[in-house]
Every structure is written in structure tokens, then in C-alpha cells.
Amino acid sequence: NAGVTQTPKFRILKIGQSMTLQCTQDMNHNYMYWYRQDPGMGLKLIYYSVGAGITDKGEVPNGYNVSRSTTEDFPLRLELAAPSQTSVYFCACHGGTETQYFGPGTRLLVL
Amino acid sequence: DQQVKQNSPSLSVQEGRISILNCDYTNSMFDYFLWYKKYPAEGPTFLISISSIKDKNEDGRFTVFLNKSAKHLSLHIVPSQPGDSAVYFCAASAKSNAGKSTFGDGTTLTVKP
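Chains as they are written, first to last, in my numbering: chain A, 1 to 111; chain B, 1001 to 1113.
Since the hints were made in silico from the structure, they are not lab data. Accuracy of the hints is not assured; some may be wrong.
Covered stretches of chain A (chain B as the covering partner; in silico rule of three or more C-beta atoms under 8 Å from a C-beta of chain B) [to be verified]:
hint, segment
1, 16-22
2, 78-87
3, 97-105
Partner residues aside, some chain A positions facing chain B, computed with beta carbon under 10 Å [what the hints assert, rightly or not]:
hint, residue
4, V4
5, Q6
6, K9
7, N30
8, Y31
9, K44
10, E59
11, Y64
12, N65
13, P75
14, F90
15, C91
16, A92
Here are the simulated SDA-like cross-link-like pairs (lysine to any residue), alpha carbons at most 20 Å apart as the crow flies [said to hold, decoys possible]:
hint, chain 1, residue 1, chain 2, residue 2
17, B, K1005, A, D38
18, A, K44, A, G58
19, B, K1056, A, T99
No experiment lies behind these values; they were computed from the predicted model shown. All C-beta atoms, glycine included, are put in the ideal place defined by N, C-alpha and C.
Could you put together the complete structure from these sequences and hints?
Here it is, written out as C-alpha cells:
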């Protein structure tokens, strides 16, 4: 039981490039979330999903897109990378008990 | 307006002593509160939680206290151990809000041997 996995662990992007951050969970949880954490700050919600086919914006959605075609996968897409998107990205899920289970994170550097 | 605040960015305590981490919130709709622990280069992990119908929840060395009238909660760690050194995030959620949690900025706890 791997829980929540994220790939890649680390990536350097040039300004204007695009990439997809992958997130997969094997806990069969309906709720999934993407957060970013900037240095010294808390977790800011980017997008979330309450089930396959349903997504919604969080607190800081600009510059990102998501899809949820299956219960397991919740990829996060950056279309035109900007230096302001340099951050650590965490994916999480929960099954209705309020407790969220987090992946190990993806560190992204945009230069 | 930050709805969940952890006013102390850092806290340093001696091994064996008590660590007290504080958290304040502004949204009266929050009805569930959680503490997460985060080590460097890892994702946050759930530590302990409390429902708004309770004022205390204990799990081993960890106790969370909730004061609803003051909109304040605290995490007590007794006795503190060097392995407790980590960033602690306070989070709050409302059942009506799709399970979304609002996080504080975290408090870095250092436990000195």
C-alpha cells in the first residue's frame, strides 16, 4: 500500500515551459487536493476534486489546470511556467474523515 | 485575511520539557481541527485532531486543547524528544466545505538534547 505517490521529486523548468506533476493514490479516496508551499509559509490550496470527473478551484488556481479521469490519478498541469511558480507541490487525499494523507512532494524551480 | 494563524514561527525547548504550540482561527464555521507534522523533504503527516464538540483530545505524549470561545487551540507535547523536531501545521476544516482544510504557516519546533 504505497499511499500517495508523486512524480517527479524535483524538476527545473525554464520560463514558458510546461509540465505535468503526477499524483496517484491507492487508498480509494474520493477527495484529492493539490497544494503549494512557499518558504516559511503554509499550504495553499490550488485545486481539489471530490471525485472522478469533478474538479474545482482552490485559493491559488491561476496558472494551473487539473483533471480527474480516475479515482486514483489527479495530475496538475503548468502551461506556461513562471518564476512565481517556484515552490514545493504536495498532493493529498482523504476518504471523508477530514484527515488528509500527503504525498512526498515535488520541488519545482522555474528559472 | 488569514483564517488560521500560528503566530510563533519557531519554538525551542529542552528535551524532556513540555512543548506548547499555539494556533488561532477566525472562522466560526470551522468544526474540525488537525495538527500535522512535517519533516524536511517529506510530506506532512497527520498527528492529532479534535472535533469542535470536544475541548481536549489526548494521544500518548500529544494533547490538543480547544477553546472555542477564544477561537484558540494548542498542541502540548510532553515530554518533548529530539525526534519531535519538525514543522507543525495547524489546520481547520468545516464539514460543509468538501473536506478542504485551511492551514496555518507552521511552527518550527526544535528539541535540544
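**Message:** Checking each numbered hint in turn, tell me which of them this model violates, lowest number first.
**Reply:** 1, 2, 11, 12 and 13
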